[in-house]
Amino acid sequence: MSKRILCKFFAHGACLKGEHCEFSHDWKDQPNNICTFYQRGVCSYGSRCRYDHVKVSRPQTSVSSSSTNSLQNLASDSVQVTHPSSVAFSGQTTNVPSVPAELSALSRPFVPFSRPSWSHDTGVHKFSDDENGWDSTITQPADRPICSFAAAGSCPRGEGCPHIHGDLCATCGKHCLHPYRPDERDEHIKTCERKKKHLEALKHSQEIECSVCLDRVLSKPTAAERKFGLLSECNHPFCISCIRNWRNNSPASGMDVNTALRACPICRKLSYFVIPSVIWYSTKEEKQEIIDSYKAKLRSIDCRYFDFGNGTCPFGTSCFYKHAYRDGSLEEVVLRHLGAEDGDTVIAKDIRLSDFLANLHLRFLIFIADIYRLEVPKYLFCCPCYTPLLQKCVVQDLLAGDPNGGLTTGHGQL
Amino acid sequence: MVDFARVQKELADCNRDMAISGVSIMLHGNGNDLSHLSGTITGPLATPYEGGTFQIDIRLPEGYPFEPPKMQFVTKVWHPNISSQNGAICLDILKDQWSPALTLKTALLSLQALLSAPEPDDPQDAVVAQQYLRDYQTFMGTARYWTETFAKRSSIGTEEKVQKLL
Chain A
1 MSKRILCKFF
11 AHGACLKGEH
21 CEFSHDWKDQ
31 PNNICTFYQR
41 GVCSYGSRCR
51 YDHVKVSRPQ
61 TSVSSSSTNS
71 LQNLASDSVQ
81 VTHPSSVAFS
91 GQTTNVPSVP
101 AELSALSRPF
111 VPFSRPSWSH
121 DTGVHKFSDD
131 ENGWDSTITQ
141 PADRPICSFA
151 AAGSCPRGEG
161 CPHIHGDLCA
171 TCGKHCLHPY
181 RPDERDEHIK
191 TCERKKKHLE
201 ALKHSQEIEC
211 SVCLDRVLSK
221 PTAAERKFGL
231 LSECNHPFCI
241 SCIRNWRNNS
251 PASGMDVNTA
261 LRACPICRKL
271 SYFVIPSVIW
281 YSTKEEKQEI
291 IDSYKAKLRS
301 IDCRYFDFGN
311 GTCPFGTSCF
321 YKHAYRDGSL
331 EEVVLRHLGA
341 EDGDTVIAKD
351 IRLSDFLANL
361 HLRFLIFIAD
371 IYRLEVPKYL
381 FCCPCYTPLL
391 QKCVVQDLLA
401 GDPNGGLTTG
411 HGQL
Chain B
1 MVDFARVQKE
11 LADCNRDMAI
21 SGVSIMLHGN
31 GNDLSHLSGT
41 ITGPLATPYE
51 GGTFQIDIRL
61 PEGYPFEPPK
71 MQFVTKVWHP
81 NISSQNGAIC
91 LDILKDQWSP
101 ALTLKTALLS
111 LQALLSAPEP
121 DDPQDAVVAQ
131 QYLRDYQTFM
141 GTARYWTETF
151 AKRSSIGTEE
161 KVQKLL
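Note that the protein sequences, when read in sequence, are chains A and B. For the first sequence, position 348 (counting from the first letter as 1) is numbered 348 according to our numbering, and the numbering increases by one without interruption. For the second sequence, position 141 (counting from the first letter as 1) is numbered 141 according to our numbering, and the numbering increases by one without interruption.
So here's chain B without its partners, still in its complex pose (with noise of 0.2 Å):
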């Protein structure tokens, strides 16, 4: 049974400084179910997802807290441990290394860590994670695009997106 007392506390504590940390949790569309839920983080300074803001989809396994909460990117991000095709994270705090400690807010700020710190070596996408060791460059922009592409709220309309490509 999730511990829907704490699940409610975690949502209050972590969008009460939710300008500084840069983390927010919301109910998952428009549903009233404490088990689905959907955070928010924005891309870390001085990395190619400065600037963007990135969904992401949190489950609550029966067991939480004594289970890691289930999550995946909804927002496609070029990263050398989240998948570029289906959002899935390799980070251990979600797998082996979770603690009842630990809190949503505590997981989504360290997924903001994970992407200002890529793991090469423990890779999700291996393609990503070979263009970051091998092409460093090309890695940095297509990151950057992803980002622009599809984390930023469109300060552009689709039409000028259209202009753009054409």
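Extracted from the complex, chain A is given alone in its bound form (with noise of 0.2 Å):
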């Protein structure tokens, strides 16, 4: 059917796909000369427009006769506009398209918001046109288009236009509200609010600083930096690079891991995570999005370390990455509860044969200590390198014959 429409590319004299088009380069077709836009509801170029506004369930009669005219007279270019002919529609539907719900206000195609200059003249003797093609076609207010200039601003024809004019939207100050698609009607609501309610706290987000180089986080000079770092359990605001290079920054100057590194730099509380943001937040909800978010992006990108099942995750059952095997069946986490010396329970991680090692080392230990009078106490682990305190810095201090070195001078002092 498409061979028998004329090219337009041809019609203006050159078509680069020549022999191969899949339009008619033979000037006896008629072109297709239906404007788009206007069938899907607005078109912003209205009568001043080079296709022709024509709804396809018109007769085409009057079509023809009602709009190419006027047409005729407004188009000055060397297109041949000529009758659109059934031909051409005979293979459409003939039902009203209805507008699509995602073409709402905010979707539609881009309108002028000055008062375009041709509206004057040619304004009234459009509409005269257009509202019989409306009133003969289309009965349900809901399939009508909302008055696009109208939702820019103001509309020149005011009282007189054949399009609904919207309700005004209180979030962003535009007539762009259908008063008959309720659907469409929230959908804007809700989008403007959630736009408008980033924005601000976008211009928020521009003023805060990075405590520890001191600029503003979003405007460091490349875009990797532009973010912010949030800790889980204060509100103080680093840019990511900054709060990560502090912590992973080496413990050799002797500040310990757990009580300088992992705590905040200004409050010092104990943070065990660090968050992306590209953005502040105000309130705890928001803060808590923003974390639910990234741990939920987080959850779909599989764990490198436990590699499908391959591999061992140093983070176990708190890792944030997903632990699936190849099958997709995620990691089973079963723990084992056991029951502690003080009567609670505590929850048990993989025994290993070295925490075996150690423990028989431990109890070697407390026979020492006993000798030596010492008090043991069991639970202590070294800060920097977690092992138990026992296990490594006492047990070398009292086989070295110095029993009270390791309790005051060894690896983490006691």
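If you're looking for bench data, these hints aren't it; they were derived computationally from the structure. Bear in mind that the values here come from a model prediction, so they are computed numbers and not experimental data. Quick reminder that beta carbons are idealized off the backbone N, C-alpha and C, glycines included. Check the hints yourself; a few may be wrong.
Unchecked claim - Dumping the calculated DSSO-like pairs for lysine-lysine here, alpha-carbon to alpha-carbon at most 27 Å:
(1) Lys220(A) x Lys9(B)
(2) Lys195(A) x Lys287(A)
(3) Lys95(B) x Lys269(A)
(4) Lys284(A) x Lys196(A)
(5) Lys70(B) x Lys227(A)
(6) Lys70(B) x Lys203(A)
(7) Lys269(A) x Lys70(B)
Said to hold, decoys possible - A few chain B positions that, by computed beta-carbon distances, are all more than 10 Å from chain A:
(8) Ile20
(9) Leu102
(10) Asp122
Make the complex out of the two chains shown on their own, each in a separate frame, by following the hints.
What follows is the structure in structure tokens.
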């Protein structure tokens, strides 16, 4: 069918596709000169549009008489405006194309804000054409499009406008709420409010300075640096690079990982993870939302340590990444509860042989400690290396013949 | 790599209100090395250090601000936590309690606070600390004398000083 429609590039004298063109290069064929914007609801060119403003459902006679005549008067191009033949429409639906919901006022084609200069002289002439068309075809008010001029500010046609003038949206201040499409209204109000909130948060975030580099986080030179690093336990702002730098700092300078590096540089509150975010929050809920969406994103990424079950992840069950096997099944977490000495239950980790051996050391130690009459705290772990303190530091010092050494100058001080 | 942008900001910020805070930072000597600075603090009121101006040598390590600045008194001070020999300072925030949110200004202010609140139980100079604990009056006298001698801008000329000694 398309072969019988005149190629518009050919009509202008230059079709790059030549004889492979899917449209006809024969002057005898009729061009398809229908404005697709108009068919979907709104054409911002109005009566000045070089394409035919027709509704496919309309009887073809009335179309050719009304809209193309007016077009011929206006159009000054070399395009041969001919009456759209019924051939061009024969295969198309005869129903009114209902305007899809996505085509709400927000996603309408661009509408110029200023009053178009041509609207005065041609407006009246044009909408009289249109009015006939709308009245004859569309009866449901919900199917009628809203006026894009009114939505953008003011409609030059005022009361006499054939389109529906939308209700005022309180958030964006535009008349873009369709009075007869409740779904579209709700959708618009929701997006509008979300957008406004986001904009306000962004504006607020612009002012925030990182307490480490003393720069405004969102004014950093590279895009990668223009991110906040949120700490889980407190609300002090840092840029992601600064806080990560600090937490990755080697504890060589005598600083302790848990009390210094993992703590907030300002309030020294311990946080176990940092969340990157492009926006700063103002309420607790917003922060939670950022954290949740970040975690949700990570949960969709396979953990490279777990490696589909082939490896072991040092973070175990608290890993943020996805622990799934090749067949898609998730890792099953079985927590083993053990009774502790004081009657409480504790959650046991995987027991390794080395743990058992360490335990042997411990017993040996307590035995030695008894000899030296030392009080041995059982559950202390060395801060930098996380091994049981008694296993590493004290054993070595005790065996080196300095019973007090380990307790005062060992790896981690008791 | 030292974050020089931050150092420059810190200098400007610190010297803006030096009249009120009593601390100031300059580049060391006539050099233009931003990692070698020299700070001054005024002795806090109602202490034996009152009226003195103390010079502090500041060196910024490569990792600044993620590593603490190295500070040392140039002016001789009689204080339990400051070495009377070389001016070394015993202050936790200059060691393991450093935080990148601290600045040179806050560090100098902490030194000022240290002058008014000595910690004789965690001494840098054992002699001074012992004197502080056992003979407080003598400690006060010595501290005041050292301030008078080393930390006062020479309001009296060298000759007068010699006269005074004779």
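Now the hints, each set against the structure:
1. For a cut-off of 27 Å, the pair hint linking Lys220(A) to Lys9(B) stands: about 15 Å separates their Cα positions.
2. Pair hint Lys195(A) plus Lys287(A) holds up; C-alpha atoms about 17 Å apart against a cutoff of 27 Å.
3. Restraint check for Lys95(B) and Lys269(A): the C-alpha separation of about 19 Å stays at or below 27 Å, so the hint holds.
4. A hinted pair counts as satisfied when its Cα atoms are at most 27 Å apart, and Lys284(A) with Lys196(A) qualifies at roughly 19 Å.
5. Distance check on the hinted pair: Lys70(B) and Lys227(A) sit about 31 Å apart at the alpha-carbon level, beyond 27 Å; violated.
6. Restraint check for Lys70(B) and Lys203(A): the C-alpha separation of about 39 Å exceeds 27 Å, so the hint is violated.
7. Distance restraint check for Lys269(A) and Lys70(B): the Cα-Cα separation of roughly 25 Å lies within the 27 Å cut-off, and the hinted pair is therefore satisfied.
8. Chain A leaves Ile20(B) outside its interface by the beta-carbon criterion, the shortest separation being 20 Å against a cut-off of 10 Å.
9. For Leu102(B), the condition that its CB be more than 10 Å from all CB atoms of chain A is violated, with the nearest at approximately 8 Å.
10. A cut-off of 10 Å between C-beta atoms confirms that Asp122(B) is not in contact with chain A; the least separation is 14 Å.
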